[in-house]
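A.B. asks: Listed below are the residues making up each chain.
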Amino acid sequence: MDFEYFTQLFLGGLTRGSIYALIALGYTMVYGIIELINFAHGEIYMIGAFTGLIISSVLTMMGMPTLAVIVLAGMAAIIYSCSYGYTIEKIAYKPLRNAPRLSALISAIGMSLFLQNYVLLAQTSDFLPFPSLVPNFAFWEPYSHIISSAELMILLTTLIVMILLTLLIKFTKIGKAMRATSQDKVMASLLGINVDQVISATFVVGSATAAIGGILIASHIGQINFYMGFIAGIKAFVAAVLGGIGSIPGAVLGSFVLGWTESFFTGYISSDYEDVFAFIFLVVILIFRPSGILGRSQAQKV
Amino acid sequence: MKPILEVQNMTMDFGGLRAIDSVDLSIEKGQIVALIGPNGAGKTTFFNCITGIYTPTSGDIYIYPRGKEERLNGLKPNIVTKKGLARTFQNIRLFTSMTVLENVMIGCHAITKAGIMGAIFRGAATKAEERLIVKKSYGILEKIGLEKYVDELAINLPYGAQRRLEIARALATDPFLLLLDEPAAGMNPQETMELDELILKIRNREGISILLIEHDMKLVMSLSEKIYVVDYGKKIAEGTPEEIRNNPVVIKAYLGEEIDE
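Chains A and B are the protein sequences, given in the same order.
Under this note's numbering, the first residue of the first sequence is numbered 1, with each subsequent residue one higher.
Under this note's numbering, the first residue of the second sequence is numbered 1, with each subsequent residue one higher.
No wet-lab data here; the hints were simulated from the structure.
Note that beta-carbon positions come from the ideal geometry of N, C-alpha and C, so glycine has one too.
Treat the hints with care, as some may be off.
Think about it this way: if two alpha-carbon atoms lie no more than 20 angstroms apart in a straight line, the pair counts; the simulated EDC-like pairs of lysine to aspartate or glutamate are [unchecked claim]:
| id | chain 1 | residue 1 | chain 2 | residue 2 |
| --- | --- | --- | --- | --- |
| 1 | B | Lys76 | A | Asp184 |
| 2 | A | Lys170 | B | Glu152 |
| 3 | A | Lys185 | B | Asp151 |
| 4 | A | Lys170 | B | Asp21 |
| 5 | B | Lys235 | B | Asp21 |
| 6 | B | Lys82 | A | Asp196 |
| 7 | B | Lys82 | A | Asp184 |
| 8 | B | Lys135 | B | Glu206 |
| 9 | B | Lys83 | A | Asp196 |
| 10 | B | Lys76 | A | Asp196 |
Quick list of the computed label-pair ranges, beta carbon to beta carbon [unchecked claim]:
| id | chain 1 | residue 1 | chain 2 | residue 2 | range |
| --- | --- | --- | --- | --- | --- |
| 11 | B | Pro158 | A | Leu159 | 37 to 47 angstroms |
| 12 | B | Pro65 | A | Arg97 | 28 to 38 angstroms |
| 13 | A | Leu156 | B | Arg205 | 50 to 60 angstroms |
| 14 | A | Arg101 | B | Gly16 | 24 to 34 angstroms |
| 15 | A | Arg97 | B | Thr57 | 34 to 44 angstroms |
| 16 | B | Thr99 | A | Ile79 | 27 to 37 angstroms |
| 17 | A | Thr87 | B | Gly67 | 51 to 61 angstroms |
| 18 | A | Pro290 | B | Arg205 | 30 to 40 angstroms |
When you get a sec, could you build the whole thing from the sequences and use the hints?
C.D. replies: Laid out in structure tokens, this is it:
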């Protein structure tokens, strides 16, 4: 077996998995806290990419240095996506919080379609070229045949985001409030936690990671369109389910497993069946572990 | 003496079912009051109405912290908690995957100020506050006698300790009134005796008033200064333990009616 080819596929899968993880985190956090599959989450990611494109084009035209463009476009995308995530929760999910879960799910699908078509009308239905924001670092040149600078950037950013998120959830006040709310909303509110605020915060944090993922992948692939959130959203959702939805380490693990599956199968068998392999793998995992790799099976109280 | 909690004419309907039927109740500062009655009498619903989980159909709930009158009807549970009411549940509702210390720290959130921004950027004020919370939580755990479990996961505690942890967590919100829903449920006699001491200690040392739902009559009679009896949502009696013990209406509610020939 060619070891270098294997390494390439391994790292390619890792990169892919990182992107899935950034989106899957939003799915799993929202599910963990209000047991809703937020189907509009892929669209948040798409909106992040569009905002990134618009702002980075403007800034590049103004002649800003590359680093400033990355940081400012990233910040703008995060802020914009967060405000969308916050608003979606307030208008589409909050009024349905005590309704049957199916209603909220349909509301989520509606929100997803609405946002896709909104961007289609407000922007364009064409593929837009996305500038490669990450330059080829000179010091990385010797290794760039294995993994490019852009991919390295994706890996590093994902790693930093994960560490920050872990710290946020484990050690901060809002993190504790999130864990408490996801376990028992009534008890949390009886201890003085403003549950509405915590849910909003969850949407904001999830949207921020999705926006980061949106910019990174757009700059890596080089083009975006209004439909990009759909398939990425489905894949990230698969990753979250694979790892055990509601569990944050599960979402990350599921994303990497999915990334590697796709990478190795397309590398060694055929690239035509990329999605097929991903979904076959999901089916197999769910047959043997219905609640996902790290998910805990829940006894239903009757 | 002036009351600190006053419930006037409170009624709670669920569709056609009247779970609570114009009940009055008042508690004075530092008093231990018990709410008793057969299963399904509406005791827990009563707690849910006071703590903001339900909004009562009619009637008023007033509290008098520092002598000022405030109406609780329709306030959300987190606001009611901030105003100084804390409660525990019949079934244990700890945050099982958190440590004992974290469980108590969550309770302290009600009285801290640092918001989301503070949590993310972690300024000096946030850090100082965090330290204060940890110190306070340790203090409460020591008082309740759980200091040896501090870093244990809540789920790994013995049953009696879990019940005490619920009380510790409720105390962390700095209440002036503690509502305990069957705190002795499932406890062995030894644990019940320790609970009896703990409740007295909380009242005597902190001056916190206590409203208690309990089926263990020995505990109720030894602790309470005043007892309210409800049945089918209606208040059927109130008085001192002595009066309640000899009240024929209460005996009838608990034991059923004798058939007179």
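A.B. asks: Please work out if Lys82 (chain B) and Asp184 (chain A) have their alpha carbons no farther apart than 20 angstroms.
C.D. replies: 18 angstroms, holds
A.B. asks: Would you check the hint for Lys235 (chain B) and Asp21 (chain B), treating anything up to 20 angstroms between C-alpha atoms as holding?
C.D. replies: Judged against 20 angstroms, a Cα distance of about 8 angstroms means the pair holds.
A.B. asks: Just to be sure I understand the hint, the distance between the Cβ atoms of Pro158 (chain B) and Leu159 (chain A) should be within 37 to 47 angstroms; is that true here?
C.D. replies: 41 angstroms, holds
A.B. asks: Would you mind confirming whether the straight-line C-alpha gap from Lys82 (chain B) to Asp196 (chain A) stays at or under 20 angstroms?
C.D. replies: 16 angstroms, holds
A.B. asks: Are Pro65 (chain B) and Arg97 (chain A) spaced within 28 to 38 angstroms by their CB atoms?
C.D. replies: 30 angstroms, holds
A.B. asks: Should the hint that Thr87 (chain A) and Gly67 (chain B) are 51 to 61 angstroms apart at their CB atoms be regarded as holding?
C.D. replies: This hint is violated: roughly 43 angstroms between Cβ atoms.
A.B. asks: Does the structure keep Lys170 (chain A) and Glu152 (chain B) at a Cα separation of 20 angstroms or less?
C.D. replies: Distance ~16 angstroms between Lys170 (chain A) and Glu152 (chain B) Cα, so the pair holds.
A.B. asks: Just to be careful, I want the Cα atoms of Lys83 (chain B) and Asp196 (chain A) compared with a cutoff of 20 angstroms; is the pair within it?
C.D. replies: 18 angstroms, holds
A.B. asks: Is the hinted range of 34 to 44 angstroms satisfied by the C-beta distance from Arg97 (chain A) to Thr57 (chain B)?
C.D. replies: Violated: the Cβ-Cβ distance is about 22 angstroms, outside 34 to 44 angstroms.
A.B. asks: Starting from the hint 50 to 60 angstroms, judge whether the C-beta atoms of Leu156 (chain A) and Arg205 (chain B) obey it.
C.D. replies: 54 angstroms, holds
A.B. asks: Does Asp21 (chain B) lie within 20 angstroms of Lys170 (chain A) when you go C-alpha to C-alpha?
C.D. replies: Violated. Lys170 (chain A) to Asp21 (chain B) sits at ~45 angstroms, over the 20 angstroms cutoff.
A.B. asks: With the threshold set at 20 angstroms, check whether the alpha-carbon distance from Lys135 (chain B) to Glu206 (chain B) stays at or below it.
C.D. replies: 18 angstroms, holds
Of the hints listed earlier, those the structure fails to meet are numbers 3, 4, 15, 17 and 18, in rising order.
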